[in-house]
Amino acid sequence: MTPEELELAAKNALVARNQLPHALNVCTAAGCLTLHSQSVKAALEEEVKRTGSPCRVRGVGCMGLCSLGPLVISDPGGLLYRNVTPADVPELVHTLDVAPLSRLQCPRDQAFFQRQMNVVTENSGRIDPEAIEEYIAIGGYQALLHALTEKSPAQVILEVSKSGLRGRGGAGYPTGLKWGTVAKSPGAQKYVICNADEGDPGAFMDRSVLESDPHRVLEGMIIAGYAVGANRGYIYVRAEYPLAVKRFTIAIRDARRLGFLGAQICNTQFNFDVDVRIGGGAFVCGEETALIASIEGKRGTPRPRPPYPAQAGLWGVPTLINNVETFANIPSILRRGAEWFASIGTPKSKGTKVFALSGKVRNVGLIEVPMGMTLRQIIFEIGGGVPEGHQFKAVQTGGPSGGCIPERFLDLPVDYESLRDVGSIMGSGGMIVMDDSACMVNVARFFMEFCMSESCGKCIPCRAGTAQMFELLTRMTDGSGTLRDLQLLEELCDMVANTSLCGLGQSAPNPVLSTLRYFRDEYLEHIEQKRCRAGVCACSPAEVSA
Amino acid sequence: MSLTAKKPALPSEDKRWRIVNGTMRRYGFSRDALIETLHTVQESFGFLDKTSLRFVAESLRVPLSQAYGVATFYHLFTMKPPGRHVCLICMGTACYIKGADALLATAEETLGVKNGETTLDLNASLTTARCIGSCSLAPAVVFDGNTLGTVDPSGLKKILEGWRSA
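Here the protein sequences come in this chain order: A and B.
Oh and the first sequence: position 262 is 386 in this note's numbering, straight run, nothing missing.
Oh and the second sequence: position 149 is 793 in this note's numbering, straight run, nothing missing.
To be clear, the hints were calculated from the coordinates, so they are not data collected in a lab.
Small disclaimer: the values here were computed from a predicted structure and weren't measured.
Glycine included, C-beta positions come from ideal geometry on N, C-alpha and C.
Treat the hints with care, since some could be wrong.
[What the hints assert, rightly or not] Simulated pairs of lysine-lysine, DSS-like, Cα-Cα distance not exceeding 30 angstroms:
id : chain 1 : residue 1 : chain 2 : residue 2
1  : A       : K370      : A       : K308
2  : B       : K801      : A       : K422
3  : A       : K173      : A       : K422
4  : A       : K173      : A       : K308
5  : B       : K659      : B       : K758
6  : A       : K472      : A       : K275
7  : A       : K275      : A       : K286
8  : A       : K308      : A       : K286
9  : B       : K724      : A       : K582
10 : A       : K654      : B       : K659
11 : B       : K758      : A       : K582
12 : A       : K308      : A       : K135
13 : B       : K694      : B       : K659
14 : B       : K650      : B       : K694
15 : B       : K659      : A       : K370
16 : A       : K582      : B       : K651
17 : A       : K370      : B       : K724
18 : B       : K724      : B       : K694
19 : A       : K422      : B       : K694
20 : B       : K758      : B       : K724
21 : B       : K758      : B       : K801
22 : A       : K135      : A       : K173
23 : B       : K694      : A       : K654
24 : A       : K422      : A       : K275
25 : B       : K651      : B       : K724
26 : B       : K758      : B       : K651
27 : B       : K802      : A       : K422
28 : A       : K308      : A       : K275
29 : A       : K370      : A       : K135
30 : A       : K422      : B       : K724
[As the list claims (entries may be wrong)] To give an idea of the interface, some chain B residues facing chain A are shown, with a C-beta separation under 7 angstroms as derived from the structure:
id : residue
31 : S709
32 : Y712
33 : G713
34 : M723
35 : Y740
36 : T772
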């Protein structure tokens, strides 16, 4: 396919897409599917067929407001309907030409939608993720063709570097720099890996992107392959995400069919193909060297770095590993330019970030905001604040590697550095809001149990240290903790953080350290007064009803 | 075992072994297909056992110890046959904050087994997940593959008791 042919294909696909005057887009991503959006879609199809209404029923990706699902949106018009059931369907189809069905309408001028900025999720809720034509209709794969025909690999890397994009997996390593290192590493064989092993509990951004717009990730991977000189790619997806696996597999098949994957892509000398690898439910496999071991068919244990995967990765050859959201940003950067991307965000963190907002907050769901927005805006304006009758206590970011941020830092602009300064991390994007019914000692214990069970056991500080810390935290929550235990806990935090082999152990103390820093009084209450102010822990049963 | 060793024969006439063999063939019997193949075994048979591990290890020419290591390392693989029904409680942060531990306690009490166990009559298995990514519906429980959101202990109890009579 040449650029001209792709443009023509896009035009045709757009005409086909707009053939009928109406379309109703039904969310078929995991959140709404659980709420039976499939039966809503089936009922809509049936009703349209029965009435002969000039309307297309389209399954689309996530629209963000998952707590109000199943969601249906009209196209054109953009009228959003919430909590739709099959019983509502006749009325919905009947009112298409008349007036909005106000009974189910969900206003889109509310802060939840207005304050967001959609780059990675720009197509979510608009296109059918299982149809490559829909992606092409809105300009898909043009960035790839442009890169292949107009740019040298070095120019692509320069563009990514200039954009200021940093790794969205959590650590925030500059993407352009990583690509440059892999490109410069000697070797005829190189690999590109997409890390979709989204293991942080409370994070479902990557899942949503893969379920809603898989071609965007695939396009990013192919461009990366061209830039670093790789001709083979892998995507490592959690087995817990069967729908993401299914949709990405369809995307690969369709991309092969149209020649975006395979030999001599779009009549150039560039060959590239992608394979899906499914995880086995081990959190540590999100760590890049453990992930590589898992793709090689081994137990997912990490190894010391250096050498970094950019020098010696999969089967010992230079390997580029990026997160789903990082790849999903690439097509937009190449299409709209590095300057455009760099104009969004803060001086050091560019672009947008997708967050999975959950916990004790009114609007639970998936959001995308420009870097630099404050936590208060995210939680209280977009999220709608904590439900009636409770007080905000903390927000947890970064999963088991992150920390709990108290109210006094809510006006902090969200970027990699500011979150690190207050003892948490950006992480992959899970954001869990906690109110006064959460006990911070218990939360720390929860995360330590997680790290203890998920420790691969290879290095002693992590294997034994997390177990000891879990024991100490358990003593505190059941009322037998002492001040000496607290001291020991702090010593262990230091030891585990500084001597563990990989990121799992090095960051495992973070939830403890951050809660000790901001909620030390709760620890002391558990130890000295045997009291849990939230009434969660065994040391003071049912003192306060939650 | 030498590199030229012949492929082992299928352990039995069971057609499911051909499905397992098919996966290995698709990957050219390459050693890195171990995890993918074990996924196929578990999908076909419900669990892994000595026979299947030995067959896969020999077919892919990996040491049995490595196959056993992989099978026991990843949480998703089980070496015990599952019950007819499976109740999976999500213990992710969002679910935990909204009371997943109370759900687990209810399920343990109703079924009379601990997390990770199966009832003696092999009727029901109880298990937990780190996070199923359905945080918007917390707390979430997966009953026989169907995810249910905002579950409360009494609703959970009703479903589990329904399994007993069925």
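Comparing the hints with the structure gives:
no. : hint            : result
1   : A/K370 / A/K308 : violated, 34 angstroms
2   : B/K801 / A/K422 : violated, 40 angstroms
3   : A/K173 / A/K422 : violated, 51 angstroms
4   : A/K173 / A/K308 : violated, 57 angstroms
5   : B/K659 / B/K758 : violated, 34 angstroms
6   : A/K472 / A/K275 : holds, 27 angstroms
7   : A/K275 / A/K286 : holds, 15 angstroms
8   : A/K308 / A/K286 : holds, 18 angstroms
9   : B/K724 / A/K582 : holds, 25 angstroms
10  : A/K654 / B/K659 : violated, 61 angstroms
11  : B/K758 / A/K582 : holds, 28 angstroms
12  : A/K308 / A/K135 : violated, 39 angstroms
13  : B/K694 / B/K659 : holds, 18 angstroms
14  : B/K650 / B/K694 : holds, 20 angstroms
15  : B/K659 / A/K370 : holds, 25 angstroms
16  : A/K582 / B/K651 : violated, 33 angstroms
17  : A/K370 / B/K724 : holds, 27 angstroms
18  : B/K724 / B/K694 : holds, 11 angstroms
19  : A/K422 / B/K694 : holds, 18 angstroms
20  : B/K758 / B/K724 : holds, 15 angstroms
21  : B/K758 / B/K801 : holds, 15 angstroms
22  : A/K135 / A/K173 : holds, 27 angstroms
23  : B/K694 / A/K654 : violated, 49 angstroms
24  : A/K422 / A/K275 : violated, 38 angstroms
25  : B/K651 / B/K724 : holds, 27 angstroms
26  : B/K758 / B/K651 : violated, 41 angstroms
27  : B/K802 / A/K422 : violated, 42 angstroms
28  : A/K308 / A/K275 : holds, 17 angstroms
29  : A/K370 / A/K135 : holds, 28 angstroms
30  : A/K422 / B/K724 : holds, 21 angstroms
31  : S709            : violated, 11 angstroms
32  : Y712            : violated, 10 angstroms
33  : G713            : holds, 5 angstroms
34  : M723            : violated, 13 angstroms
35  : Y740            : holds, 6 angstroms
36  : T772            : violated, 10 angstroms
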